[in-house]
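Peer 1: If you read the protein sequences in the order shown, they are chains A and B. Letter 288 of the first sequence, counting from 1, is numbered 306 in my numbering, and no numbers are missing. Letter 38 of the second sequence, counting from 1, is numbered 56 in my numbering, and no numbers are missing.
Derived by calculation from the structure, the hints in this document are not laboratory data. Keep in mind that the hints are not guaranteed to be accurate.
Copies of one chain are not kept apart here, so a pair can be met inside one copy or by any two copies together.
To be verified - Straight line, CA to CA, 20 Å or less: simulated SDA-like cross-link-like pairs of lysine to any residue:
{"#": "1", "residue 1": "182", "residue 2": "170"}
{"#": "2", "residue 1": "52", "residue 2": "208"}
{"#": "3", "residue 1": "337", "residue 2": "115"}
{"#": "4", "residue 1": "209", "residue 2": "307"}
{"#": "5", "residue 1": "144", "residue 2": "355"}
Each chain is listed here by its residues.
2 protein chains.
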Amino acid sequence: MDVKKDLKEFRKKIDPEIEKVLDEMIEASKKEGKIITDSLEQVKKITLSGGKRLRPALMYWGYKGVGGKREKEIIKTSVSIELIHIFLLIHDDIIDNDSKRHGVETIHKKYEKTGKFFPGIGNNAKHFGNSMGIIVGDIVGAIGNRVIYNSDFPPSLIVEALKKLQGIVATVAIGEAQDVITEYRRKALEKEVMDIYKNKTAKYTIEGPLHLGAILGGAGGKILEEITKFSVPIGVAFQIQDDILGIFGSEKKIGKPVGSDIREGKQTILVVKALENADENRRKRLEKLLGKENITGDEIREFRKIIIDTGALDYAKEKTQELVEEGKSHIEKIEFDKRAKNFLSAIADYMAKRDI
Amino acid sequence: MDVKKDLKEFRKKIDPEIEKVLDEMIEASKKEGKIITDSLEQVKKITLSGGKRLRPALMYWGYKGVGGKREKEIIKTSVSIELIHIFLLIHDDIIDNDSKRHGVETIHKKYEKTGKFFPGIGNNAKHFGNSMGIIVGDIVGAIGNRVIYNSDFPPSLIVEALKKLQGIVATVAIGEAQDVITEYRRKALEKEVMDIYKNKTAKYTIEGPLHLGAILGGAGGKILEEITKFSVPIGVAFQIQDDILGIFGSEKKIGKPVGSDIREGKQTILVVKALENADENRRKRLEKLLGKENITGDEIREFRKIIIDTGALDYAKEKTQELVEEGKSHIEKIEFDKRAKNFLSAIADYMAKRDI
């Protein structure tokens, strides 16, 4: 199975549904004096301009895996997890000061610009932009939740799925808090970083969507546990690969400027391991370069070299490989139909192979 | 019925339930490396240090009004609307740059202070504080939602109530966006201000909670419509009174520094009406004073005088009176039991009488 192709095919099915939900909100907003119509248009642009739809695809396969038959309804309902993802990204982009998402201007940045023209703005344009980002994020979160409430699955299953969903949101938010704190603290233990990966990525990106789909398909108990055993190692592997790309990837590959993870002072497994293994000199250089806002190309190359020379890159790669193997070893135990298992297997391989 | 006493009695019943939910979360957070334990402790402190519990009380009476019998369960479930309120307040306090809530340090302010001690913080302490406020707000929102999911009412009613709940969150967020925009734009029409009052206060504070309770009590259709006819005028009256207090109230009464609404440049019905009626000179003075950060005591008195002299204060008071009468005239049409009707009537009178 070619997972990239599969995700592309899935996108063709889900994107029109996402568009429909957002268009309905845009229409409704026009009745409210149009004041937030622009922001919802921007949300639509951001959402449809990029993203792999990995979460709704996993929700879909979680449902199909346990024998769910309502093809159209599960696709419509999986829009929820994508919109909740967008809600969290809107808040994340404020936190990370990012001005683009999927190549489109972020909400807070857009309003920072608009705000500059307001007579009473003083030097509050940035604060106004962030405020609008917070609010618009909250609105998109509410829309995402509503998609599940309005779905046509039995209410008892919806309520079960919702318990799961809010657990996901709380977990990813906890991971985000851990991430922000360790970033500014400039210090983290391997165990802390692994916890962040588990909360921020594994539970949110892999386990949560699979669980949601499986629950809506009527599954519970043991099958959910087996899904977890697959999801956590695969999700952590996904995040480690992301971190490798964040330091070694080209701008084209990662969609943000080279070295931005270094500039932000991000505490990744690579950084933690390199600091652990480095001699006095290298450690000092790492600490100096990490979080340096005006870092040069030469310094990025120096940083990369230290990551390689300390064995941190090899360590991360081996760890990824181990985790992928661990995750894959659990696929057979999940009571999923054949095609869903193939999808899980393809996703696992994709994690290991995402290229630098 | 003495509504203040009634709310106090209700508080004694609901506060232990709020505490229980937050304590459970605090315990759970300790398993996640304690990184967000402090923030949840702070949320608990903020929540329990103040607030009237008006929203859960209305939810309770909405349920009892339609004949609901499960006293303990509705109180437990109404914790949700209070926690969702706290989630929105946490975000609101970031937006309004407020450092205290219920006399307790706000989340973003607390973390701004903590952040100053982080080695990598540079001049990002305020941004770090705001980031943590965004995240902690999102977590509290998730907890608030979960309270409804975990309640023991029939799933079909829960799903109905949830549709309502997310509508409430989306509506209040839209009102907040309108509010922030008009504040910086320093210009609003009476109609726009009234829309904000409807979205930000009436639907959120009065209609939403009553609807939630009534739905969980099994009501639908016509009764919800009648509740709306009561709630919208009463909620708008509540907000107008709030605005009068915001300009004319003492610090003790309003819990924030005198004149802070003027300093913030808030577009209230008083300001809009005064600008509409003022002659050239007064209009210029109003515009000059509105949003002036270092406004003096004399200037606040001058501002108040213009609000009085232009007839804006009288206009607002008359409007309140009219709206309260309008709301009250609908109480009889709501198919509620006697005691619930008494509560609505007492709430309506309370709106008209909140003193300067």
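Peer 1: Now, for every hint given, state plainly whether the structure supports it.
Peer 2: Structure-based check of each hint:
no.	hint	verdict
1	182 - 170	both (18 Å within a copy, 16 Å between copies)
2	52 - 208	between (48 Å within a copy, 16 Å between copies)
3	337 - 115	neither (30 Å within a copy, 44 Å between copies)
4	209 - 307	neither (23 Å within a copy, 55 Å between copies)
5	144 - 355	neither (50 Å within a copy, 51 Å between copies)
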